[in-house]
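**Q** So you can see what is in the structure, the chains are spelled out below.
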Amino acid sequence: MTVQECYDAIGGDYDEIMSRLRSEERVKKFAGMFLKEECYNTLVEKLKEQNQEEAFRAAHTLKGVCQNMSFTTLFRSSYEITEALREKDMDKANSLLGQVTEDYEKTIKGVKMLLE
Amino acid sequence: MAKNTILIVDDAELNREMIKFIFEEQYNVLEAEDGQQAIDLISERGEELCLIFLDLLMPVKSGLDVLHFMNLNNYIKYIPVIMITGESTDESDEKAYEYGASDIIYKPFAPNVVMRRAKNIMELFEHRIDIEQELDERTRELRDSRRKLEQSNDFLVNALSSVVEFRSLESGEHIHRVKYFTKLFLKYLREFYPKYNITKESAALIVNASALHDLGKIAIPDSILLKPARLTDEEFEEMKKHTVYGCELLEKFKQDDNEFYHYCYDICRYHHERYDGRGYPDGLKGDEIPIWAQVVSIVDVYDALVSERVYKSPYDVNEAARMIRDGECGIFSPEMLDCFELAKVELFAAAENKFSYADSIEA
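Here the protein sequences line up with chains D and L, keeping their order.
Take 9 as the starting number for the first sequence in our numbering and just add one per residue.
Take 456 as the starting number for the second sequence in our numbering and just add one per residue.
What the hints contain is simulated information worked out from the structure, not anything from laboratory work.
One should not assume that every hint holds.
Said to hold, decoys possible - Which bits of chain D does chain L cover? Going by a derived footprint, with three or more residues having C-beta under 8 Å, they are: (1) 21-29; (2) 65-72.
What the hints assert, rightly or not - Here are a few chain D residues that face chain L, going by a calculated C-beta distance under 10 Å: (3) ARG34; (4) CYS47; (5) ASN49; (6) ASN76; (7) THR81.
These figures come from a predicted structure and were not determined experimentally.
All C-beta atoms in this analysis are idealised placements derived from N, C-alpha and C, irrespective of residue type, glycine included.
With the sequences and hints as input, model every part of the structure.
**A** Have a look at this one:
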């Protein structure tokens, strides 16, 4: 799988990431680091614990990382949940978690295929 | 130490790497995962840091905590901080600037733009710090040379004024007492009569100038200056001219734009004028007599009264004070008499303790 194919599959912005990082090797290196980021797991865990503050920070980090990686689709859903948590709306956040999880799993799958 | 280290503070490793790869070829890069780590690194290695990239939202301590720490410990003046943020809200932007951040960069950022902005900011800081250091150095040099000048000036004025005393076979203490008394008078004049508008700097000049009040006596013949008895009327008329002779000497080195010159001139010329207009050489009256000359006038009279002369023994300080108050030794303005009362305890103490050379230097 090429970087272009991976970004198409996961709903990312290939042109944007290439304009910033300039080389596919570098994109792959950062994609590898994305797999190690714990913020999604932290988000799920803190939502379960009803810890709004920590959940907000995890969502915020996930959103920021997606911004840097030009993972547009996952950025959008993580943005939504971050804003819900900023407003301290736990019900809304819980209802948005499904979409975040779906986008996250699709992204992880695509990145893993890219790195294989 | 060369400042060549950039600190990147962000809780996500990926975000740190995004900045690190831009700079790692040209700079040392340190990383911190949260605000506390950042604070520790700044404390340990602040000297090396030329720039900090700072995330706002982090566990343990936030970006604002880091800025707060940097403000408290003065780092904010020497290390530029660029905030990194995902979204721009006016509130957080304003807070970041208010806390002293130099710039804000929004995610996602283009590496070449980040590099350019970072370099601009580092240059600006370096330039500012250079200028401040240079200014500090210049200020120190100026202060040093000013102090040396003041010392030389004091030395020369003292040397010059003691020439007259040396010739009249006096001990040299009269001039030191006059300086000390003048200083006392000016202290009270400044405190209670602000209308005269005498600054601290001017007061110091006037004290120095008071040493030269009898400069013109250098031109008085020995037969009069050293006469061990009361002077005849004719001799006294010649003696009175010391006020004008002093000015003639000074005028040879006239400095019209120099405050010190004018104090010297006025004090030489007018320290025998009287408030009622019956003094000499010009018969000035009331406030026509410059206030600094009025001060030296009363001080000179007091010292003459309490000192021993070839033709008289010293008066008791209380008697001297009474004579001045009752107008037996000249007429002085109400302000001068008031200052005399205010300074009396100190004036008495100085006269009774046989005011010494060392004291006057200290004073």
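**Q** Please verify the coverage claim for the region 65-72 of chain D: does it have three or more residues whose C-beta sits within 8 Å of some C-beta in chain L?
**A** This one holds; 5 residues, not fewer than the three required, reach chain L with a Cβ under 8 Å.
**Q** Taking the least C-beta to C-beta distance, is D:ASN76 closer than 10 Å to chain L?
**A** 5 Å, holds
**Q** Does the CB of D:THR81 sit less than 10 Å away from some CB of chain L?
**A** With a minimum Cβ separation of about 15 Å from chain L (threshold 10 Å), the hint on D:THR81 is violated.
**Q** Counting residues of the region 21-29 of chain D with a beta carbon closer than 8 Å to any beta carbon of chain L, are there 3 or more?
**A** With 4 residues closer than 8 Å to chain L, the region 21-29 of chain D meets the three-residue bar; holds.
**Q** Is the hint on D:ASN49 kept, meaning its closest Cβ partner in chain L is under 10 Å away?
**A** 13 Å, violated
**Q** Under 10 Å is the threshold here; is the Cβ of D:ARG34 close enough to any Cβ of chain L for the hint to stand?
**A** Cβ of D:ARG34 sits 7 Å from chain L, so the hint holds.
**Q** Hint validation: D:CYS47 versus chain L, beta carbon distance must be below 10 Å. Holds or violated?
**A** 7 Å, holds
Of the hints listed earlier, those the structure fails to meet are numbers 5 and 7, in rising order.
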